[in-house]
Amino acid sequence: GESVGLHLPTLSVQEGDNSIINCAYSNSASDYFIWYKQESGKGPQFIIDIRSNMDKRQGQRVTVLLNKTVKHLSLQIAATQPGDSAVYFCAENTGSQGNLIFGKGTKLSVKP
Amino acid sequence: GAVVSQHPSWVICKSGTSVKIECRSLDFQATTMFWYRQFPKQSLMLMATSNEGSKATYEQGVEKDKFLINHASLTLSTLTVTSAHPEDSSFYICSASQPRGRYTEAFFGQGTRLTVV
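Here the protein sequences line up with chains A and B, keeping their order. If you count by our numbering, then the first sequence holds residues 1 to 112, one letter each, in order. If you count by our numbering, then the second sequence holds residues 1 to 117, one letter each, in order.
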């Protein structure tokens, strides 16, 4: 899996702009990927998922893109709002039981 | 989605004492639960996989005698931090998995902030 850094990368965006958060995953055999949002002092909250047989999936204001060739995931948030400020993690499902390997995380900061 | 409740949400204990954290799946049965640990500004690190009725599977580097896991029922798993020391201070998060067809979906508790003084 990926190494864990001591400092989360930060993405700062203006309210109303679109945000793009990137993630590289480690296991080419992973077939299910999830994006989570984590607010300070809380557990991760499910945002959107994607199976490996897809390369794009859209939700409400969010889109996930999967590029299996380079093992890359991205999360796009449209019209970013202050309430979107949080740390975002991608996770890959590596086992049939649902155990997840989390990426490093990106802190999204939305400026009003 | 399914609800996973974790208790307590925070705890402060003295060095050398033991602390128990509970993880409950409220509206579904979870044969498998997971325990994660998260240090400030870092990602979640899987500590162990807890299977109902059997011994937990620990990740490399996690001391099974220090972090005791019990999964006695399909809705409850507990993590006991034994002889806690300040370096055990961290945010502990559990998740419970539920099959979704071919895939398995994970639902997370709200986390427990442990501070050892």
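No wet-lab data here; the hints were simulated from the structure. A portion of the hints provided could be inaccurate.
Said to hold, decoys possible - Once the Cα atoms are required to be at most 27 Å apart in a straight line, the calculated DSSO-like pairs of lysine-lysine come out as: (1) K68/A / K42/A; (2) K14/B / K42/A; (3) K41/B / K111/A; (4) K64/B / K42/A; (5) K66/B / K104/A; (6) K14/B / K64/B; (7) K104/A / K41/B; (8) K111/A / K42/A; (9) K42/A / K41/B; (10) K14/B / K66/B; (11) K71/A / K14/B; (12) K107/A / K41/B; (13) K68/A / K104/A; (14) K14/B / K104/A; (15) K20/B / K66/B; (16) K56/A / K68/A; (17) K104/A / K64/B; (18) K55/B / K66/B; (19) K41/B / K14/B; (20) K56/A / K71/A; (21) K111/A / K71/A; (22) K66/B / K41/B; (23) K66/B / K42/A.
This structure is a prediction, so every number in the text was calculated from the model and none was measured.
Those earlier numbered hints the structure runs against, lowest number first: Of the numbered hints given earlier, those the structure breaks are 1, 11, 14 and 21, listed in rising order.
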